[in-house]
Amino acid sequence: MLSRHVSIIDIGSNSIRLVIYEEASIVPSVIYNEKVKVGLGKNLHINNYIEKDLIEKAYQVIKRFTVIIKTMKCKFIYTVATAAIRNSKNSNAILKKLKETGLKIKILSGNEEALYSYYGMQLGFTKINGIIGDIGGGSLELALKTKEKNIKVSSMSTGILVLSNEFSDNLDKIYKSIQKGLIQNGWENQAKAKSFYATGGGWRSIARVGIEIYNYPIPIIHQYYLKIKTLKNLISLIIETSEKDLALLKSIPKDRIPFLKISAKSLEAVVDTIGAKDIYFSSYGLREGLLSKFFINEKYKLNSTFSNIGFYFNSQTDRAGSNNKSLTNWAKKFSITENIDLKLLNIVASLSNISEKEHPEFKAQNAFFKITRKTLLPFDHVTRAKVAIATYLIYNKNLRSTKVKKIIKFLSDAEFEESLILGNLIRLGITISGGATNLLKQSKIDILDDTIILEIPNFLLNKNINLRLSDLARIKSYQSKIITSH
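Under my numbering, think of the first position of the sequence shown as 86, with each following residue one higher.
Derived from the structure by calculation, the hints contain no laboratory data. Check the hints yourself; a few may be wrong.
Ranges of calculated distance between the beta carbons of each label pair, as one might list FRET restraints [to be verified]:
| hint | residue 1 | residue 2 | range |
| --- | --- | --- | --- |
| 1 | 136 | 490 | 51 to 59 Å |
| 2 | 254 | 428 | 53 to 61 Å |
| 3 | 211 | 551 | 33 to 41 Å |
Idealized CB from N, CA, C, for every residue including glycine.
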């Protein structure tokens, strides 16, 4: 019997990658991810031909990938080729050889590549306000949703490998080449007062450098945010640092080091030319856009309110998110939550049993690490931090962990208070109900004259409910009171 796994093979200019997702989901869970460096575009600049030995190498890699796909019984299989094969004179011969593996292979046009990258970005951000850019080894794609709701796309042959082959380490020429292409394609100043959303291995390496040298508390590239001034400082630092010293960075793969300065200069050329005010880096891109083709159920709708985020999170619990609706409905009636984003309340409630099957001593820290470390999660980093702290509190009220304290410093006082309220409130709701919806319906909570009053049936009263209510009240320096009924 076939699984619901989705496999995508991306045949790029520098490498071939196989990614297998648990299933098509807004928060995709990757169960297999392998990249093999082949270098199909390595000598393409010489005569526009891909050499036989490279074709054979690609064939062997893909042949092995098909074995893995069959072994894992993937229901959906999608294989695409991008710039290297697209731009080679012998693309038909290459395709014929690679199809001997038994796979159907589609060569994406540059515009299709840009469009799928845009669709992928849509999964990773609740709202895109600006231009998305995806740089690979052979090409650079840009996309923008216009005022008319159309998607403007462009593809240029200015990928990292192409730039390296054509200009070597002449960064000024690299900058001018990209700038010229952007202007010719109508992208100059198109992101004024807007953001740039960057994806692709070369640009994600820039984010990795920033996270490492700035000691950033959330070591996740997706939605890593920088103002343009900070980005430019980071780019200057990379360019001015020797390759030998760049190689000392722990977060950068060794095969990326020789191209790090080219990646930095290409990014600088783009943000300068389009006039972006800030940048978000993304782990979502082409492959996630291709994954969206397989959204075959209402629960996979784009622009989700995240009310079922516990399900998408693949939290290894039989009841992931099952009690979130009742917890949310109970909590939102409490006036203390009136200034809290309902979406955030939904998320915390939905993840309230994320560690239910973990060892009791590690429930809190495992919940915290799942949220702060999961790569493909469509939250900005402030939301991620608030959810992580609130979820930690559901399992442990003591925020003494060094890593937790580091995240707390990342938040403003108001944001931290919001996390405290959400975590303690949902913890109280769980203590009252034990996950039973009908018990929550028999309780009521609100504030009267700086006192939090909880009304519950007499048979529910216990010491733990008293403690949880006191913890919640203490956040705002309120008193607490329980009223029981028979």
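Okay, the hints, checked on the actual structure:
no.	hint	in the structure
1	136 x 490: 51 to 59 Å	holds, 55 Å
2	254 x 428: 53 to 61 Å	violated, 46 Å
3	211 x 551: 33 to 41 Å	holds, 38 Å
The structure does not agree with numbered hint 2 stated previously, though it agrees with all others.
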